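The lines below spell out each chain.
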Amino acid sequence: MRPIHALAPLVPLVALALAATGCSTIGDGSSDGEPSAGPGGTPTRVVLVTHESFVLPKPLIRQFEQQSGYDLVVRASGDAGILTNKLVLTKGDPLGDVAFGVDNTFASRALDEGVFAAYDAPLPDGAEQYRLPGDDEHDLTPIDNASVCVNVDDTWFAAHHLAPPKTLDDLADPQYQDLFVTPGAATSSPGMAFLLTTIAAYGEDGWQDYWARLMDNGAKLTAGWSDAYEVDFTQGGGQGDRPIVLSYDSSPAFTVSDGKSSTSALLDTCFRQVEYAGVLAGAANPDGAEELVDFLLGPDVQSALPDSMYVFPVDASVQLPAQWARFAQQPSEPYEVDPASISEHRDDWLREWSDVTSR
Amino acid sequence: MRRSLELVGLSALPLAVLGVFFVLPVSGMVSEGFLADGRFDPGGVLEVLGRPRVHRVLWFTVWSSTVATLLAVLLGLPVAHLLHRRRFWGRRALRSLLLVPFVLPTVVVGVAFRELIGEAGPLGFLGLDGSAVAIVAGLVFFNVAVVIRAVGAAWESLDPRPAEAAAALGAGPAHVFRTVTLPALRPAIVSAASVVFLFCATAFGVVLTLGGLRYSSVETEIYLLTTNLLDLQAAAALSILQLLAITALLVVAGRLRAVPDPALARSTRRPPRPAPGDWPDLVATGLVLLLVGAPVAALVAGSLRVGDTWSLGNYRALTGEGSQHALLASATDALATSLRTAVDATWMSLSLGVLVTVVVTRRSRTRGERRARGLLDGLFMLPLGVSAVTLGFGFLITLDRPPLDLRDSPLLVPIAQALVALPLVVRTLVPVLGGIDDRQRQAAASLGAGPLRTFATVDLPAMWRPLTAAAGFAFAVSLGEFGATSFLAREDHPTLPIVIYHLIGHPGAMNYGMALAASVVLAATTALVMLAVDRLRVPSVGAF
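Chains as they are written, first to last, in this note's numbering: chain A, 1 to 359; chain B, 1 to 544.
No wet-lab data here; the hints were simulated from the structure. Here the structure is a predicted model, which means the values were calculated and not measured. Some hints here could point you the wrong way.
As a list, the in silico SDA-like pairs of lysine to any residue whose alpha-carbon atoms are at most 20 Å apart [what the hints assert, rightly or not]:
1. Lys260(A) <-> Ser303(A)
2. Lys58(A) <-> Ser303(A)
3. Lys91(A) <-> Leu460(B)
4. Lys91(A) <-> Val30(B)
5. Lys91(A) <-> Arg453(B)
6. Lys91(A) <-> Asp400(B)
7. Lys260(A) <-> Ala163(A)
Between the sequences and the hints, there should be enough to build the whole structure, so can you do that?
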């Protein structure tokens, strides 16, 4: 067998690797070791529970910590559905002080379970329209919004001398056979939003028929947004061959070259998703929690939203990034479904949808 | 009396860890499902089990996992032979490369596969996109490394002399393989196959991404029920179904594994070079390299494209946090976090794994003792068979008050990963340690060696090679783990797979390229670590 000197070259390598990685996570200075309350029981930190897509630039986090005097601890994991269910399962013994990221498709479930404590934050200009219908106690504060809309590849349609589709009905038109790709409603949040669009457009008894027509016309379903947009869409990262895709109203701002966007969103096919923040019932630091909700509504965070989280602010007075201002148009009248109704029927709708689409 | 004390003493720590971080959370979650409005209501759970959809889902899970496992074994065996019993230039590099798929994030592999087999891809004419064939190919892609590595480790230390004797007596190669080699390898093959089956049966991303939503497995169903619908009753029913099916599988595997005389003689000879008679090995290796290599090549090519030109721009962008791109953390930071976490997960799963292996493989004196050891063996396989979301939500609702107020602990991530890796570690070690003739230990003892000295001189040298293989597995599992990691809270320090998911989930051509580049970095890191681990040797191996 190999003599011992075979090990020799490895020693520096292993040493380097261990040094570079600081060996392990144990003993890492994590905020959990810090006391959560100072002398006299006054809290020293605010814990924000949120989903995986939450990103706030570091300078803004520092700004909040300086303004409020609290340490901000961010616990991000899962998607909006997982976040909501976590909050429901841990109500009464919450995971933190504030939750951000519950959206209007899941909010009713959280409200029904009494996850949040009422806090009537002063809203900036234009934010009132985003309030959750049915949230009369003002448990939830709208922070951002983004609409899920069908997108088309304008260059593809120009090259094929075909007028791009405009409406939901067009997608089922044989002219556009085999051109549409969308993430599924059961596995993707934009996919669910599109299902809600069709429910709002065709009624609770009519959408099944629309989906049957859509599938007959060769619509393709994928698991998630990235599969649809990056693989199958002609303007995605890969070599896709479908020029119609389900995405967001802001997506055209990301396909700009030479001062022109090669895609556009069909503004008559949109469903608006609003994300909310709320103070958790039983929070250890309710004062800090309210301060954080106010901060999320403030002009600094609001103007950082498009670049860091790909969403529109609720504050109408905030200036959008240049590309957004030019290429990301918001629908004026998106489709709406009552949140309480979503909460009640989600299960049935998804089951019916699975039946229709797998037929 | 002393023996049962020893049994209890050695198994206490692994059992405690399993109890707190697996049994408690999972039973907490399942019992939520049995409670309807605060009352015990098993009827609802039973009703779920009668649904036709549940039967369909269960049937798909069983057949797709079975086919994928068979294929992985059939392809993996000849490759294991070539890579572990033949000597040629580059075999170490090949070995570590073949482990790469194991750590690649499913979402990225899904994209890479679909770039190839999608309607517009070079293999689009096969019409595989969204088919069950694509799912099975994906499962084999991810798991063939398990067979190669676990069986290879056992094959490497197999004494070639019985096979040579059989050949000298006139048996053809096929005959030798069937009557001499295969029986000796059976414990290792069954071990690897049962792990692969568990991985396939709980695969999540592959089924959804490559199946185009037309198929659902028990795992995807539990995910949907728990994270989207919060239908805990149905989720509990399926979790119980999962546990029952796995228990049945483990019992069968345990039967198949048992061989009348497990003693392995270990080989000390230098392996020969490949000969013309090794052509089946070469063909299988070629196939596996194609299956593993094509998507990986597509991935590397994609990562080098910026717009319509070739460039390293995606890689350069990874180091900064970028004002344009909403990176959670720079990929270099995330890689450091991933490596740190993986170090923890590796030592945790190795220490637990060695304890479990020692307990499980000691010769039993009584039938009761043998049962107890067999039970322990199966128990530590269970974490592989339970959905990550069940475990994740279980953590939240059961580990929430002192003395077990752990739900925000940064240690949860490495512990969860260690639990996922533990069955792999145990299954790699058990066949080898179980193959040591107990008389060697008795001889050592009668020459005056204490239990520790016996372990160091008899067991450890034999375990070294499978131990490095197991360490590699554990490290790779931790580096690539996404399900549990994404579910558990992070504080400013995401691991690399989480950064990759984040990148690929948002628009912008640059994000897509960076996600591919970060995956290549993850894969390359894994391959390098594997290569380093592979070179570790102890001089005393085979010294007697």
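Against the structure, the hints come out as follows:
1. Straight-line distance between C-alpha atoms of Lys260(A) and Ser303(A) comes to about 24 Å, which puts the hinted pair past the 20 Å bound.
2. For the hint linking Lys58(A) to Ser303(A), the alpha-carbon distance of about 14 Å falls within 20 Å, and the restraint holds.
3. With a C-alpha separation of about 50 Å, the suggested pair Lys91(A) and Leu460(B) falls outside the 20 Å cut-off, and the hint is violated.
4. Under the criterion of a C-alpha separation no larger than 20 Å, the hint pairing Lys91(A) with Val30(B) is consistent with the structure, at around 18 Å.
5. Restraint check for Lys91(A) and Arg453(B): not satisfied, since their Cα atoms lie roughly 54 Å apart, outside the 20 Å limit.
6. Among the hinted pairs, Lys91(A) with Asp400(B) is consistent with the structure: their alpha-carbon atoms are about 12 Å apart, no more than 20 Å.
7. Proposed proximity of Lys260(A) and Ala163(A) is supported: the alpha carbons are some 18 Å apart, at most 20 Å.
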